[in-house]
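The lines below spell out each chain.
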Amino acid sequence: MLHFFAAFVAAATALLIFAGGLVTSTGSGLAVPDWPTTYGWSMFTFPVDKWVGGIFYEHSHRLIASIVGMLIIALAAWLWRAEPRRWVRRLGYLALAAVVTQGILGGITVLWFLPDPISIAHAGLAQIVFCLTVTIALVTSPGWTRGAPVADRLLQRLTAVTTGAIYAQILVGATMRHTEAGLAIPDFPLAFGRIVPPVWTTAIAIHYAHRVGALLVAAFVLAAAGHVLYHHWPRAELRRPSLLLLLLLAVQIALGALTVLSGRQYMINSLHVVTGAFVLAGSLVLTLRAYRPRFGIRESGSGIRPAALEHVRIPEPASRIPDPRGARA
Amino acid sequence: MTRRVWIGALVLASGVLAAACGGGSQEDAPPPPVENPVDPATAGGVTGQVTFEGTPPTLAALRLDSDPNCARQGATTPNESVVVGATGALQNVFVYVKDGLGTLRFPVPAAAVVLDQKGCRYVPHVLGVQVGQRMEILNSDPTLHNIHAVPMTNREFNTGQPIPGMKHTHQFTAREVMVPFKCDVHPWMNAYVGVLDHPFFAVTGADGSFSLEGLPPGTYTIEAWHERLGTQTQMVTIGATETGTVAFSFKSTT
Numbered sequence: 001m002l003h004f005f006a007a008f009v010a011a012a013t014a015l016l017i018f019a020g021g022l023v024t025s026t027g028s029g030l031a032v033p034d035w036p037t038t039y040g041w042s043m044f045t046f047p048v049d050k051w052v053g054g055i056f057y058e059h060s061h062r063l064i065a066s067i068v069g070m071l072i073i074a075l076a077a078w079l080w081r082a083e084p085r086r087w088v089r090r091l092g093y094l095a096l097a098a099v100v101t102q103g104i105l106g107g108i109t110v111l112w113f114l115p116d117p118i119s120i121a122h123a124g125l126a127q128i129v130f131c132l133t134v135t136i137a138l139v140t141s142p143g144w145t146r147g148a149p150v151a152d153r154l155l156q157r158l159t160a161v162t163t164g165a166i167y168a169q170i171l172v173g174a175t176m177r178h179t180e181a182g183l184a185i186p187d188f189p190l191a192f193g194r195i196v197p198p199v200w201t202t203a204i205a206i207h208y209a210h211r212v213g214a215l216l217v218a219a220f221v222l223a224a225a226g227h228v229l230y231h232h233w234p235r236a237e238l239r240r241p242s243l244l245l246l247l248l249l250a251v252q253i254a255l256g257a258l259t260v261l262s263g264r265q266y267m268i269n270s271l272h273v274v275t276g277a278f279v280l281a282g283s284l285v286l287t288l289r290a291y292r293p294r295f296g297i298r299e300s301g302s303g304i305r306p307a308a309l310e311h312v313r314i315p316e317p318a319s320r321i322p323d324p325r326g327a328r329a
Numbered sequence: 001m002t003r004r005v006w007i008g009a010l011v012l013a014s015g016v017l018a019a020a021c022g023g024g025s026q027e028d029a030p031p032p033p034v035e036n037p038v039d040p041a042t043a044g045g046v047t048g049q050v051t052f053e054g055t056p057p058t059l060a061a062l063r064l065d066s067d068p069n070c071a072r073q074g075a076t077t078p079n080e081s082v083v084v085g086a087t088g089a090l091q092n093v094f095v096y097v098k099d100g101l102g103t104l105r106f107p108v109p110a111a112a113v114v115l116d117q118k119g120c121r122y123v124p125h126v127l128g129v130q131v132g133q134r135m136e137i138l139n140s141d142p143t144l145h146n147i148h149a150v151p152m153t154n155r156e157f158n159t160g161q162p163i164p165g166m167k168h169t170h171q172f173t174a175r176e177v178m179v180p181f182k183c184d185v186h187p188w189m190n191a192y193v194g195v196l197d198h199p200f201f202a203v204t205g206a207d208g209s210f211s212l213e214g215l216p217p218g219t220y221t222i223e224a225w226h227e228r229l230g231t232q233t234q235m236v237t238i239g240a241t242e243t244g245t246v247a248f249s250f251k252s253t254t
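If you're matching them up, the sequences are chains B and L in order. Take the first sequence: its letters are residues 1 to 329, numbered as in this note's numbering. Take the second sequence: its letters are residues 1 to 254, numbered as in this note's numbering.
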């Protein structure tokens, strides 16, 4: 039950990120000028007939955020009461602290007229909250401890770097959104008809960095997923997130292109934001599953093709048995 | 150690709260004079015309359907970003004395300038106000608006008017041409306010004409500002009781 609730909280957080994307994409961030009230009303009693224009997006975002905040409070309490692993309980507390900080950042960015650093931090922390809820949902699932894990150091490094690169790419994307650089390069796939822009401004540099970042992320995802599909194909817990990650990457690149070509159509733009979160979560799940041995789950070499064994350190069966005399001959 | 952490947190929280509440010191400027420094016996003026050269852009009307309360007053509202009359007269150009008044200081009018929100648009679209003069922003619509001023020099503000008939009064503290106003609830709504430390400004009407009255003799830089077509300046010299004439002609920038 705890796993299903955690998965529900993660889904609600993804919905919240989409709603936040709609707020930015429609330019509605200041449609409600006060916080935490809404035009002087409590946000929970603000009349529905006044949810018009930009208020609809901003007020919906605030309500969903409040619900997600309450869900994470409940999740942290549930973990505190029922979870035996201390580090998992701490993940719950961390998620709670992160979502509270996120709410305060959201309020401050409204009261201070959307300063770029605060708005970018708000966007970046949203992804952290989502990652924490996804992690809690993953490690409370029955599958987390089921079956012997793979101890593949190359896979661990590849997936960790990929997840870090995706998060960095999301931060560059958030910077691009909040500095209004989304259409600084108006054509796609070229930049002003060339591979490298002929002119440079801060906005063009940020936009171009996001495009170069997309290529780097695509290379990392292809390397990580390719490694899994070639060396660990029988392992469903690695194969499925890899395939999903490849699919999400393709969708995300298409959405990025459409965002430029449509002139930042707000729905496409917002889907690009939330799909970015899904790509990050997919890579995180793959990373955590690659690191399962570090979480105290027993190692095994099952499912690994022989060609991959050069970088997989699996102790010989005999070495796992302690020598009763205290030392090996 | 723990006490230091708590004191640090309190100081940080106080700073955040002070900033969040919009705290900030007002500029210490001497009070404006009561008397007009210009001798009415020698005062002259500058008049002129602003025109658009070429074929004016065709702008689609702005749809109001994202708010049913606005749509009930009319499905669309005219796009006022470039308004050209039949003879090429360019409307909504802010014309003002940019330079030439020296150290002269002028009294602040007691009457307030009014910016109304009516039909889910700002009326007027372009206006001027003096530093320190009261500016009243009304909500004459059966819906709510937020008034979001986005100045570069003055203090930014964003105020909600959820109830029809509400009025917000604001006074700018520094000269600034122009201060954009927008409504984030209704993204098509925008207005521009020129803030000056003297009364010599005007906005062209439907005939494209303007008149700056009561200027002392001298040489002035006159600037014409348009929200999409940019700015132009001209020099004009007027003697005692004379009226100078200038003409501005804008072209499409696209």
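Note that these hints are calculated values from the structure, not bench results. Treat the hints with care, as some may be off.
As the list claims (entries may be wrong) - Quick look at which bits of chain B chain L covers, simulated, 3 or more residues with Cβ under 8 Å:
id: 1; segment: 86 to 95
id: 2; segment: 201 to 210
Said to hold, decoys possible - With a straight-line cut-off of 20 Å between C-alpha atoms, the simulated SDA-like cross-links for lysine to any residue are:
id: 3; chain 1: B; residue 1: K50; chain 2: L; residue 2: A71
id: 4; chain 1: L; residue 1: K167; chain 2: B; residue 2: G40
id: 5; chain 1: L; residue 1: K182; chain 2: B; residue 2: V52
id: 6; chain 1: B; residue 1: K50; chain 2: L; residue 2: S209
id: 7; chain 1: B; residue 1: K50; chain 2: L; residue 2: K118
id: 8; chain 1: B; residue 1: K50; chain 2: L; residue 2: L138
Note that beta-carbon positions come from the ideal geometry of N, C-alpha and C, so glycine has one too.
Quiz item: Which earlier hints turn out false for this structure, listed by number in ascending order?
Solution: 1, 2, 6
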